[in-house]
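Participant: All chains should be modelled from the sequences, with the hints used to inform the complete structure.
Which chain is which? The protein sequence lines are A and B, in order. For the first sequence, counting from 1, position 248 maps to 248 in the numbering used here; every step adds exactly one. So the mapping is simple: the numbering used here equals the position in the second sequence, first residue as 1, plus 1000.
Hints are not guaranteed to be accurate.
[As the list claims (entries may be wrong)] Here are the simulated lysine to any residue pairs, SDA-like style, with alpha carbons at most 25 Å apart: (1) A:K19 / B:G1203; (2) A:K18 / A:N38; (3) B:K1193 / B:I1006; (4) A:K59 / A:K87; (5) B:K1193 / A:K288; (6) B:K1193 / B:Q1087; (7) A:K108 / A:A37; (8) B:K1193 / A:F182; (9) A:K87 / A:R70; (10) B:K1193 / A:T22; (11) A:K288 / A:W220; (12) B:K1193 / A:G219; (13) B:K1193 / A:W26; (14) B:K1193 / A:E23; (15) B:K1193 / A:N13; (16) A:K87 / A:D72; (17) B:K1193 / A:A32; (18) A:K19 / B:A1185.
[Claimed, not checked] Over the 12 Å line for every Cβ pair with chain A, so calculated as not near, a few chain B residues: (19) K1044; (20) S1071; (21) V1128; (22) D1147; (23) V1156; (24) Q1166; (25) A1269.
Calculated directly from the structure, the hints in this document are not laboratory data. We put the beta carbon where it would ideally sit given N, CA and C, even for glycine.
Below are the chains, spelled out letter by letter.
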Amino acid sequence: MRLLDLLRRDGVNQAARKKPHTEQSWVAPEWAWSWPANRRILYNRCSADPRGEPWSERKALIWWDADHGRWDGHDVPDRPPSHRPPKDATGPDALAGNDPFIMQADGKGWLYAPAGLVDGPLPTHYEPQDSPVPNPIYHRQQRSPVRQVFGRDHNLYHPSGDEPGSEVYPYVVTTYRLTEHFTAGGMSRWSPYLSELQPEFFCEVSPELAAERGLAHAGWATIVSARSVIEVRVLVTERMTPLTVGGRTVHQIGLPYHWGPNGHSRGDAANELASIALDPNVHIQEVKALTVDIRPGRRPRGPELLDLLHDYQRRAGITRQTGTEVRG
Amino acid sequence: MTDSLIGRNLLAGAEPDPAGDAGHADHPERVGFFTDTSVCIGCKACEVACKEWNAIPEDGLDLTGMSYDNSQGLGGSTWRHVAFVEQTRPVGAPDPSAPPDSDSETELRWLMASDVCKHCTHAACLDVCPTGALVRTEFGTVIVQEDICNGCGYCVPACPYGVIGQRPDDGRMFKCTLCYDRLGAGQEPACAKACPTDSIQFGPLDELRERAALRVDQLHDDGVPGARLYGQDPEDGVGGDGAFFLLLDEPEVYGLPPDPVVTTRDLPAMWRYAAAAAAGLLGGVAAAAAAAGRSR
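Facilitator: Right under this line is the structure:
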């Protein structure tokens, strides 16, 4: 059926439906519409056992009505429980009535993934590309051996864990978004009503870190990585808690995204601190966790900024090869 | 109707029908806001919706350092204001508003509350307005008529909550209208419409007061002894607020006055004293003149 026909089924604009929750089931199938089959919970077949009996009355989504030979329930079902595909069926047609994971090739949920992932088959833990602590699980494998790295002058990596020089960038930065922002900087910084709610780029630090580095609440701080030097206003807040990792205190710095050089609210950008290190499967860069140093006051301008950047790189002993190893 | 007003002090005390006493003979129910701060998530959608609907200008790009509150307070260009209060409290304390011991483990409580014009039953801003720009609407709310206000500013110090303010590059006074234009079209105010958690509830004031009392009972039963209502009492210093609140701590914590009183409450008494003093003065002058006449 064409999308337009689906949307206009029964002569009703399905997407405009606003039936109150008090007048329909808790799954609320008649509130708007869900592509492509108005199914609200993708793997709802999991709520019932292979014969179609709900595992839990309270959480039942669909159930098999044996008397009438059809599914009943709050959500949109797929195949009858007894359905078995013909031997030569392919694709979705090859799924049986007891295969609930209909988006998977074999209709099953996987705990063990022997195919499809570069770094399968089981979940494990590696430290981020930049990390102040050694990998507690594999002492001789700090970072994922199959990550993608690009060691070059404008994308230098930090020494991590026990490696000499890691103490030059002793703090963890974690990045996040703000409720006040809509999607990203391009849509947020140009809106005066959003800009006045979060008017300046800031970092969030614990009172302990503020004392350790002499940071003043609502004052300025300079944050340094091997990639860049940025400046931020400081919020000292007990919402930021020092972590205890491997028996020692690790301070974290919160940095919101989406500032930049133009718009109503301008500032340096958190991404300037991050490196490009990609995950091996979908090639997403690791910009949620990195290491830095923080110091009070605004950043230098012009050549002095590069002097500061290079001084830190020198002290940490960073080369293009730092942090690019496959094993170790 | 005007007959019934003679001899009554309309500036303070019991006032069950502010719209009727303002001359709206056949008026709809009094409406208002119940802002339940226990479910506020601090999204500030109310602030943005208010500014969008009412076309209020952006009024400052200043980082305040007051947690995530960069709007600072209500004023001529901020008609909804979400306060953010960070509190350190003992972990699992039955009453989180109790101060922590020095050696007990603490956790953070982040209070958020959307403040707004209270649309007082006795509105001092309206009482002192010399131009009649501030009026009581048929819904029992208080609005400024932009085309009449001359910017004299009497209303600003008269408001016991510090709500109304001047727009500096304009000169006139502005505040929340409870979206008077939307009410007339049968719609709820923009902030209540935008609130994703129903922290801001709009409706007939009597209904809201009932609902709020039930909510406080529910929170007390759920182990939140600090829950209390603010501004719901028709006996209080402003005759009850048209926009009242459920708070989780003392009003001062949120920047609200603990016991607001309509600033015009004592005007009749002040005029009586002034009249007595004037009469005394006149009498004294007359007596002195008479004495002087005799001694001549």
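Participant: All hints are to be evaluated individually against the structure, with a verdict given for each.
Facilitator: Comparing the hints with the structure gives:
Restraint check for K19 (chain A) and G1203 (chain B): satisfied, since their Cα atoms lie roughly 21 Å apart, inside the 25 Å limit. Distance hint between K18 (chain A) and N38 (chain A) is fulfilled; the C-alpha atoms sit about 14 Å from each other, no more than 25 Å. A distance of roughly 40 Å separates the Cα atoms of K1193 (chain B) and I1006 (chain B); the hinted pair therefore is violated under the 25 Å criterion. Annotation: proposed proximity of K59 (chain A) to K87 (chain A) is violated, straight-line Cα distance about 34 Å (limit 25 Å).
Of the pairs offered as hints, the one joining K1193 (chain B) and K288 (chain A) is violated, with about 34 Å between alpha carbons and a cut-off of 25 Å exceeded. For the suggested pair K1193 (chain B) and Q1087 (chain B), the alpha carbons sit about 29 Å apart, so the restraint of at most 25 Å is broken. With a C-alpha separation of about 21 Å, the suggested pair K108 (chain A) and A37 (chain A) falls inside the 25 Å cut-off, and the hint holds. A distance of roughly 19 Å separates the Cα atoms of K1193 (chain B) and F182 (chain A); the hinted pair therefore holds under the 25 Å criterion.
With a CA separation close to 24 Å, the supplied pair K87 (chain A) and R70 (chain A) stays within the 25 Å bound. For the hint pairing K1193 (chain B) with T22 (chain A), the CA-to-CA distance comes to about 19 Å; that is within 25 Å, so the pair holds. Pair hint K288 (chain A) plus W220 (chain A) holds up; C-alpha atoms about 22 Å apart against a cutoff of 25 Å. The suggested pairing of K1193 (chain B) with G219 (chain A) is violated, with an alpha-carbon distance near 37 Å, which exceeds 25 Å.
At most 25 Å may separate the alpha-carbon atoms for a hinted pair to count; K1193 (chain B) and W26 (chain A) meet this at roughly 23 Å. Annotation: proposed proximity of K1193 (chain B) to E23 (chain A) holds, straight-line Cα distance about 21 Å (limit 25 Å). Distance check on the hinted pair: K1193 (chain B) and N13 (chain A) sit about 23 Å apart at the alpha-carbon level, within 25 Å; holds. Note on K87 (chain A) and D72 (chain A): the hinted pairing is violated, with a Cα-Cα distance of about 28 Å set against a maximum of 25 Å.
In summary, the hint linking K1193 (chain B) to A32 (chain A) is supported, as the alpha carbons are separated by about 19 Å, within the 25 Å threshold. A distance of roughly 23 Å separates the Cα atoms of K19 (chain A) and A1185 (chain B); the hinted pair therefore holds under the 25 Å criterion. The Cβ of K1044 (chain B) does not lie farther than 12 Å from every Cβ of chain A; its closest approach is about 5 Å, which violates its non-interface assignment. For S1071 (chain B), the shortest C-beta to C-beta distance to chain A comes to about 7 Å, within the 12 Å cut-off, and the non-interface label is violated.
Even its closest Cβ contact with chain A, about 30 Å, leaves V1128 (chain B) beyond 12 Å, as expected for a residue assigned away from the interface. Consistency note on D1147 (chain B): stated as away from chain A, and its beta-carbon is indeed over 12 Å from all of that chain's, at 25 Å minimum. At roughly 22 Å, the least C-beta separation between V1156 (chain B) and chain A is larger than 12 Å, which holds for a residue marked as non-interface. The beta carbon of Q1166 (chain B) sits about 18 Å from the closest Cβ of chain A, which is more than 12 Å, so the claim that it is off the interface holds.
Against chain A, the non-interface label of A1269 (chain B) holds: every CB pair exceeds 12 Å, the least being about 43 Å.
Violated hints, in rising order: 3, 4, 5, 6, 12, 16, 19, 20; the structure is consistent with all others.
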